[in-house]
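Undergrad: In case you want the letters, here they are:
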Amino acid sequence: MRFISVIAIKEIRTYFASPMAYVVSAAFLAITGFFFVASVSDAFAVASIRGYLAGAIFFMIFMSPALTMRLIAEEQKLGTLELLLTSPLREFEIVIGKYLAALVTTLVMIGLSLYFVVVLFVYGDPDVGPLLSGLLGLVMYASATLAVGLFASSLSSNQIVGLVVGSGILTALTIIDFVSARLSGIASEVLDAFQLGASFSVFDLDSFGVAEGGHFADFARGIISLADIAYYSSITAVFLLLTVLVLEARRWR
Amino acid sequence: MIKIEHMSKSYGPYPAVIDISFEVLKGEIVGFLGPNGAGKTTTMRVVTGFTPPTDGDVTVNGYNVVSHSLDVRRHIGYLPETVPLYLDMTVTDYLRYMGEIRGMNSSWVKDRLPKVIDMVRLGEYKDTLVGRLSKGYRQRTGIAQAILHEPDVLVMDEPTIGIDPIQVVETRELISNLGEEHTMLLSSHILPEVSAICKRVLVINDGRIVADDKPGDLSEKLQHAERIEVSVRGAEAPAFINAMRDIGDVIDARSDQRVSSTQRAEREEYLPFIVDARPNAQAAEIIAKTVIENGWGLSNLTPLPMTLEEIFLKLTTEENLGE
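Which chain is which? The protein sequence lines are B and E, in order. Under our numbering, the first residue of the first sequence carries the number 122, and numbering increases by one thereafter. Under our numbering, the first residue of the second sequence carries the number 473, and numbering increases by one thereafter.
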């Protein structure tokens with residue numbers, strides 16, 4: 122546990138000492154701000170964070186891997202991975218430490234955006250249920266995308282490869298319903314079960330859609346379902362485990 | 473402290489190290505000498521627990537590098553060939569972090585850090601970003617992280633590569649001083665460097681250890697002999713060997729054991745021999761003369777490269793420090 126916190130603290134410091142955390146946070150605030158404003162500024166708009174959530178989860182497909190792309194790729198490039206792997210650290214301590222750093226940074230970023238909620242309470246009367254479930258869903262969603270991003274970062278010493286692979290995996294999980302819509306029966310249902318949650322219908326400024334069959338839909342509606350929590354937790358666990366395995370495999374090369 | 477028994481390591485189908493065995497005793501400074509690509513770095517990576525051996529046993533401080541990797545890593549300080557540094561941290565922050573991931577608690581780090589910074593003479597740069605340091609100072613930072621946690625064993629891979637001559641001298645002094653308290657395995661492709669620092673040298677080439685000696689004895693061996701392969705017809709083996717030994721400059725003559733009996737049959741009546749002679753004695757000429765005087769037939773007279781010498785040709789045997 123001590124090693125995990127040592128690594129996490131070092132990485133958090135690096136995030137906030139470099140432009141990365143600020144650039145990603147600024148982009149996140151700008152984008153979610155746009156969707157939030159667009160979704161509540163109609164004459165008869167509902168006081169909800171639905172637009173904010175839809176924008177946030179869509180753009181996290183790119184922002185999470187951007188935040189994590191450095192974490193392991195750079196260690197490989199600088200050769201410092203050799204130091205980490207010859208220190209009395211276990212691979213999972215390295216992976217969890219780095220993952221927590223990215224998660225904390227993302228939570229800070231989400232925290233900064235919560236002034237939208239304050240705005241809603243000041244000027245409207247939002248429904249508290251969907252608001253809380255939506256934010257919970259957002260955190261679950263973020264943790265899953267960060268795990269995918271970290272895994273992508275472990276694959277090579279090139280950060281750009283990490284970004285492209287990470288966003289690629291997340292995009293594939295997002296557009297999976299394009300594929301499933303063309304299939305039928307079991308195959309279609311199985312694919313639907315992997316729908317990450319975001320949808321291109323976010324750009325439809327009337328609905329600010331999230332994927333209907335996806336795992337985020339219920340969160341956005343105010344329903345917390347065990348299946349959705351299990352899905353995001355599984356994605357997180359599986360990709361963190363894969364990252365550990367990639368690091369372990371590196372020794373055997 | 474370090475014990476390697478019949479260790480081999482392959483990367484896929486490519487063997488990097490083949491069946492090497494050696495031991496480094498407590499307090500010894502052992503130089504690991506070989507041309508680039510000989511297997512030095514691979515051996516060091518196995519010793520430090522970075523990569524497991526394909527075959528054989530390696531123990532450090534009695535702990536096996538595979539089954540007790542964490543215990544091994546706790547007792548080792550390692551300076552890889554490309555000094556691994558976080559360029560965006562200050563020297564102090566970097567060293568503190570390195571200490572923490574080696575399991576040092578904060579009071580230990582606090583106590584030890586100034587001493588180490590002093591030892592490697594980094595005092596005036598301790599708050600400088602590592603990325604702004606010159607190569608020599610980066611090297612010192614690398615050495616500092618290796619000795620910070622007071623490891624029993626120090627493993628240094630080419631510690632003076634790529635730094636300027638004055639800093640090379642300083643770095644060598646530093647390493648020599650460290651050798652007083654640590655068991656050390658140090659690699660280099662520069663012969664004089666190893667001679668200056670180490671009391672024992674292992675020469676490695678193409679993944680095998682070809683010599684294990686004191687630096688002085690090693691140089692002597694190099695000037696040892698000229699080796700010649702001879703094939704002769706019409707002579708009994710003992711008669712030929714005696715005739716050769718009678719020549720003043722010949723040190724030894726023997727049947728060539730590398731040639732198998734089937735090959736001998738193919739060569740019909742020609743018998744293969746190996747003759748060692750003193751260097752610069754025109755041995756080939758005298759051997760040819762002797763063979764002909766005895767009425768034997770001569771079919772082959774080839775000088776053989778001495779293995780060790782061949783390796784040393786590939787090594788940097790001289791260095792220009794520009795002093």
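It is worth saying that the hints were derived from the structure and are not from the lab. Just so it is clear, CB atoms sit at the ideal spot from N, CA and C, and this is done for glycine as well. A few of these clues could be false.
Stated by the list, open to error - A few chain B residues that face chain E, going by a derived Cβ cut-off under 10 Å, partial list only:
#1 I128
#2 E195
#3 G200
#4 L202
#5 E203
#6 L205
#7 S208
#8 F213
#9 L253
#10 A338
#11 R342
#12 S346
#13 R371
Stated by the list, open to error - Taking lysine to aspartate or glutamate and the EDC-like style, the derived pairs with C-alpha atoms no more than 20 Å apart in a straight line are:
#14 B:K198 - E:D624
#15 E:K671 - E:D560
#16 E:K475 - E:D560
#17 E:K587 - E:E553
#18 E:K587 - E:D543
#19 B:K198 - E:E553
Undergrad: Please check whether E195 (chain B) passes as an interface residue: C-beta within 10 Å of a C-beta belonging to chain E.
TA: With a minimum Cβ separation of about 9 Å from chain E (threshold 10 Å), the hint on E195 (chain B) holds.
Undergrad: With 10 Å as the cut and Cβ atoms as the points, is S208 (chain B) at the interface with chain E?
TA: holds, 5 Å
Undergrad: With a cut-off of 10 Å on the beta carbons, see whether S346 (chain B) makes it to chain E.
TA: violated, 40 Å
Undergrad: Checking one constraint from the list: CA of K587 (chain E) to CA of D543 (chain E), max 20 Å. Satisfied?
TA: violated, 25 Å
Undergrad: Taken at face value, is the distance from the CA of E553 (chain E) to the CA of K587 (chain E) at most 20 Å?
TA: violated, 24 Å
Undergrad: For K198 (chain B) and E553 (chain E), compute the direct alpha-carbon distance and say whether it is at most 20 Å.
TA: holds, 14 Å
Undergrad: Quick one, are K198 (chain B) and D624 (chain E) close enough, alpha carbons at most 20 Å?
TA: The hint is violated at about 29 Å.
Undergrad: Can L205 (chain B) be said to touch chain E, with a Cβ gap under 10 Å?
TA: Cβ of L205 (chain B) sits 7 Å from chain E, so the hint holds.
Undergrad: A closest beta-carbon separation below 10 Å is what the hint needs, so does R371 (chain B) meet it against chain E?
TA: holds, 9 Å
Undergrad: Given the hinted pair K671 (chain E) and D560 (chain E), is their Cα-Cα distance within 20 Å?
TA: The given pair, whose Cα atoms are some 38 Å apart, is violated under the 20 Å limit.
Undergrad: Report holds or violated for the interface hint on L253 (chain B), using the least CB-CB distance to chain E and a cut-off of 10 Å.
TA: Interface hint status for L253 (chain B): violated (38 Å vs cutoff 10 Å).
Undergrad: Double-check G200 (chain B) for me: the hint is only fine if its C-beta lies closer than 10 Å to a C-beta in chain E.
TA: Since the shortest Cβ distance to chain E is 4 Å, the answer is holds.
When each numbered hint is compared with the structure, violations occur for hints 8, 9, 10, 11, 12, 14, 15, 16, 17 and 18.
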